[in-house]
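Here is how the chains run, residue by residue.
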Amino acid sequence: MRGEPIEAIKVGLESMIASLRQDPFALESVYMSIITFNLHPKQLLHLTELENMQIPEIQQPEAGGTHFGEALEFLCKRVDSEIHLSTPEQKGDWMPLLFIMADGRASDTQLFHQAVPEIKRRHFGSIIACSVGTKTCVENLKQIANHVVSLDTADSATFKQFFKWVSASVSVGNRSIGASDEVLLPPPPAEVHTVI
Amino acid sequence: MDLKKIIVDASEDRIEDFRSKNQSQIETFILDLWKEYQQNSDPVEIDQGPVIDLADDGDDRQCGEYQPNDPENPDEPGSPDEINVNETEMQKQGASERPPYDAIDLQIKSRHIALPNGKVNQNYDIHFDIEKIIPEISGIRFEGLDQAGLQFVPETKKITGIPQAAGDYKIKMYCRRHDWEEGKPTIEREITLIINPDPRSLWVDLPTPEDIEYYKPDCNREFIKVEASETVARKDMVAASKRGRSHAHEGKPRDDDFMLHFDDGSGWYVMAVADGAGSARYSREGSRIACRTAVDTCITEIKNRGETFEKQIRTFSNVRSEENRKQAGDTLYHIIGTAAFKSHKDIEKEAVDKGNPIKDYATTLILSICKKFDFGWFVGAFWVGDGGIGIYAKEPPFLKVLGEADGGEFAGQTRFLTMTEIVQPMELYRRLRFDIVDDFTALILMTDGVTDPKFETDANLNRIEKWHDFWNNLSQEVDFSDDHENSAEQLLKWLDFWSPGNHDDRTIAILF
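Chains as they are written, first to last, in our numbering: chain A, 53 to 248; chain C, 702 to 1213.
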């Protein structure tokens, strides 16, 4: 992803953080991590509490190629080491939510297929994939996400709407639910088209 | 296949043909080469923490100016990697050969310089010594710190103060080279300083609209006075329930509930607390039905089986054999097991009548029946979900937690009375507990809005030291002397305590 979409994502992220900072519950309970991927996944931000968070610079990709599978594999490792599960001696974290933004197709097909069941095993509260533009391989996204939404125009205004919805979804993440349930999300805004 | 060899061997007119036939392999080949190049040239660097990180020599290039002009051609001069190399070399050269002016300017602009976030009304005090990392510069000063209520003291190299208003402040940092002369430019760098609001100041308390379906008041409390009989003081019951801040903030109703009952004729106490699931639409009604049906059923069942039951309890108290335990346990099952089962059925009926899934009414339930005998107190309990119930005595110290909390891998995951598997006979039986104790300070039933902040973990709920702390804290605010009716009001007030991240509905019921 490059050019306008990635700029719009930066703006969207910033406004999302700003609005979460105005939510007192989020301010005390939300943690966020950012991973970018092209040829390699890169964790720009370790799981960090909202209170101490500063949005890092998101770099333009340096080469083509979308190693989606590798990115998912990397994500699983980060989840395993950074998310605390409940034990008798430790209070677990809230179920993590995963938001994926992509505009291409997995070029490491085999690795991608291997990563799909691994992601499912991590029990995300919800996985929301956002397809940006018209060249996204929606099939890829459908395989991992509970919700696939598509943003046809990748401008700042649309992203702002999308991230507004994301923040609302983050805010409902910390509620008591049945042991096997999925987190129920608020309905997406009109600018965001739900694919499934 | 050795692609490299094939490409070299191919005659020129066949190259195009070859390319079109082997497009994907060529791409993979090039990608692999690129990957190799990246791995060798770009150190893996993921740490870009929110802390001040002046010593970081990594690729935290914060300034857009030095981005490559053409992202399609990363090998062009001016790509971030090259800048990094230059920077490293420049440092190796050290002071003997002064780097050109713009190189220092570039160093300062390309470094990841961040100030830790502050918080309104909280002392801000950080050491900021950039000259230690970039020794060529001095004369640091800031513009804009005062807006945030902070100042930089050059002597101590500290930024201190108490921020008064939240926001993202754009701070300008100025510095100059040691050999700076009049007329030469100073170096300027913008740094963002984030001041978080005090979460306490952000909460709003919106009343729940009274016209919603299943309206329930935002708080409730009750005191049941059990007067002394033949000059012997008898225990009273008190309970309070308060909507959590997270619900109040959105004008959403309280999902918790409780119910107390004392049967003067038989001397049985019945108590219930329930926590409707935050994720379920009508859980406030689920918790209400659960408490009401459970307590009502207990009253009816005690009327029917009370005589037999009390005999069994007495027998068990005399001879604490497995057989006697089983007999008392079986009758307890018929009383509170039935109560839990009927609560489930009543919720299910309501759901069906309204055409809603039963899941919409998801609720936990903690239910207890107790009675004082001449040989001590009988306490029986049923527990599904999170929260907790325990018999606690301060002196001599005694604690018995009557069951186990249902938790999942993650916070907030639990089991509900409304799940079909919970009301299977074996499962109901498994969740029963009873004991006979001489006396106790308090029998306490509470929802997770109280246990999460006060006990934090399941292990802590079984630690008497935690209960001592809990009781001390509670009895500082609530006067638990006999027949003290105002304790209900005090208990409700106590429920408003602050605990970061814990803003769920809170309900507590105490027999004391």
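Just to be clear, a hint being listed does not mean it is correct.
To be verified - Heads up, simulated DMTMM-like pairs for lysine to aspartate or glutamate below, C-alpha to C-alpha not over 20 Å straight-line:
no. : chain 1 : residue 1 : chain 2 : residue 2
1   : C       : LYS871    : A       : GLU109
2   : A       : LYS143    : A       : ASP155
3   : C       : LYS820    : A       : GLU103
4   : C       : LYS1101   : C       : ASP1061
Think of the hints as simulated: they come from the structure by calculation, not from any bench.
Quick rundown of the hints versus the structure:
1. For the suggested pair C/LYS871 and A/GLU109, the alpha carbons sit about 16 Å apart, so the restraint of at most 20 Å is met.
2. With a C-alpha separation of about 37 Å, the suggested pair A/LYS143 and A/ASP155 falls outside the 20 Å cut-off, and the hint is violated.
3. Between the alpha carbons of C/LYS820 and A/GLU103 the distance comes to roughly 8 Å, so the proposed pair stays at or under 20 Å and holds.
4. Taking the CA atoms of C/LYS1101 and C/ASP1061, the gap is about 33 Å. The hint is violated against a cut of 20 Å.
Going through the hint list in order, the structure does not satisfy hints 2, 4.
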